[in-house]
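Asks: Given the coordinates of chain A, assemble chain B onto it according to the supplied hints.
Number of protein chains: 2
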Amino acid sequence: MSFKLTILGYNSAVPKRDVAPTAQLLEMGSRLFLIDCGEGTQVQLRKSKVRFSKINHVFISHLHGDHVFGLIGLISTFQLLGRETPLHIFGPKGIQDFIMNQLRHTESHCLFELYFTELSHKTSEIIYEDDKVEVLNIPLDHRIYANGYLFRERPKLRKLNIEAIRKFSEIEICDYENLRRGKDFQLENGQVIPNSELTFEPPKTLSYAFCSDTRYKPDIVPIIKKVDLLYHESTFLSNLQEMADRTAHSTAREAAMIARDAEVGQLILGHFSNRYEDLSVFLDEAKPVFENTILPEQLGVYEIQPKEETV
Amino acid sequence: MSFKLTILGYNSAVPKRDVAPTAQLLEMGSRLFLIDCGEGTQVQLRKSKVRFSKINHVFISHLHGDHVFGLIGLISTFQLLGRETPLHIFGPKGIQDFIMNQLRHTESHCLFELYFTELSHKTSEIIYEDDKVEVLNIPLDHRIYANGYLFRERPKLRKLNIEAIRKFSEIEICDYENLRRGKDFQLENGQVIPNSELTFEPPKTLSYAFCSDTRYKPDIVPIIKKVDLLYHESTFLSNLQEMADRTAHSTAREAAMIARDAEVGQLILGHFSNRYEDLSVFLDEAKPVFENTILPEQLGVYEIQPKEETV
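Just so you know, the protein sequences line up as chains A and B, in that order.
Everything in the first sequence is counted per the working numbering, starting at 162 for the first residue and increasing by one.
Everything in the second sequence is counted per the working numbering, starting at 162 for the first residue and increasing by one.
Next up, chain A with everything else stripped away, as it sits in the complex (with noise of 0.2 Å):
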């Protein structure tokens, strides 16, 4: 399954010329999610060239500007264009009255059912599901309620040992299924045979990790532990800590301590401060902490591959 993250924006609060806000396009599989929305999201959307009629989830962290204000845009251009696919929208509560107050206002009336998922709850959970991949609701500190996500493959089946399956005649395909969810076999004679010596270990599930915004909470450590990538926002750098506690952010240095702890793949980070020119300085103080640490580039394609576990 593909598995590839593209960042359309990555600024702060007050929109830049050249940087859009906060929006990442996920694919997974057949799958197009949306994370975040800012303003001019959908010219973002055109420009990576991806198929954007095909996003059919929405994720937003939160209810900031810079995170949701460019929805109302895409779910009107969906409609213009004729969408009669639902079009599924994850978010904190309030996020119906907010986008539904619009469409009445301006008169819009979609072909395609819009669906809310409101997300008030506290804790970690599973919001999205299907056969093949979980998403699961961070929850995270800011001033207004606010949660990342968790993107992750669903657990694979096993693969076939062929050359040890052929061992036994009384094996069949239809036995397969079995044998890939890791079934042992049992002979006709009564022998049993472990299914460690039929199949072989499922590829490694991957995922992805996206938080935003949100001040430095190490008790989300556990829910993105071992995560192959992770964009965590550092809006500061540590020499405004006192800011970045009054503004509900993180540093650029508790941002790599998160990856640090969580043991992730890699870290991207975000959502930089417009004060800062040379983001170069984010990696300056984020990689003494954690080595594998990236800025973002816009529009830049990132895939998810396995992190490479440390011996």
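Please note: incorrect hints may appear among the correct ones.
Where chains are identical, the list cannot tell them apart; a pair therefore holds if satisfied intra-copy or between any two copies.
[To be verified] Straight-line C-alpha distance at most 35 Å; calculated DSBU-like pairs for lysine-lysine:
#	residue 1	residue 2
1	177	283
2	365	165
3	177	208
To be clear, the hints were calculated from the coordinates, so they are not data collected in a lab.
What you are looking at is a predicted structure, and each value in this text was computed from that prediction instead of being measured.
Replies: Coordinates of chain B only, in the frame set by chain A:
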């Protein structure tokens, strides 16, 4: 008084990569008026390099997204930048709830006052005036309640004919104001000197009219008669007249007919359907009806200049 228009965007409903939706900035002396505010307008304002914090008045034509979805983002940015100056918003009935509901959900607390003037009348009236400028709504005919706006200088004072005045030693500086206002002067001997002998005609008052979105509506002609510059939507060409009628938009030919009948100085077309790649076809259709027609340029600046009177 400086009087110039900056076109921030002129696209129709579905956004393009490189053309922003409708928004214009009108400078009249020290006043900065924002006309419509499609998604992304604040980024266009940054690109235009005007001091957009000086915008104190916003005029929204109608509540379709491509004319208003950028307003909440602009207000939020004003709030983040610590604005304290009141902001006056003129627009259709409902615009206050449209904006305030979003501010409520985003838990935004503006330090500045937001004053809304909700329009619902169907005639043209003065909706804003100060010592030098007045603004009138122009009732349009769209799928949703819509107004264009007429911006004009108020009548100016007459110019003193100093040479003529000097012939009468009785006329003192304290009399100049009355002369500029058009009053005759009575000498001590009772003789009346007509004002026309002591002053020249005042400078022409300039005016700009914005008309979008609307179907062909000839009854706006008396309202915009002889404006120096007219922006009129022309979403379609005449070969799609039926579609123009059905969606309540104008063709280039109809826009030019309005310009011709209103004897305006210059016509700028805009709000083109995305189906047209080469916009010169709009000029081809409009110019035979009204020669002084031009296409808009994004971030283009247009001085409002006196209409050249034909003899």
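Asks: Evaluate each hint against the coordinates.
Replies: Hints, verified against the model:
no., hint, verdict
1, 177 <-> 283, "within (33 Å within a copy, 39 Å between copies)"
2, 365 <-> 165, "within (16 Å within a copy, 62 Å between copies)"
3, 177 <-> 208, "both (17 Å within a copy, 9 Å between copies)"
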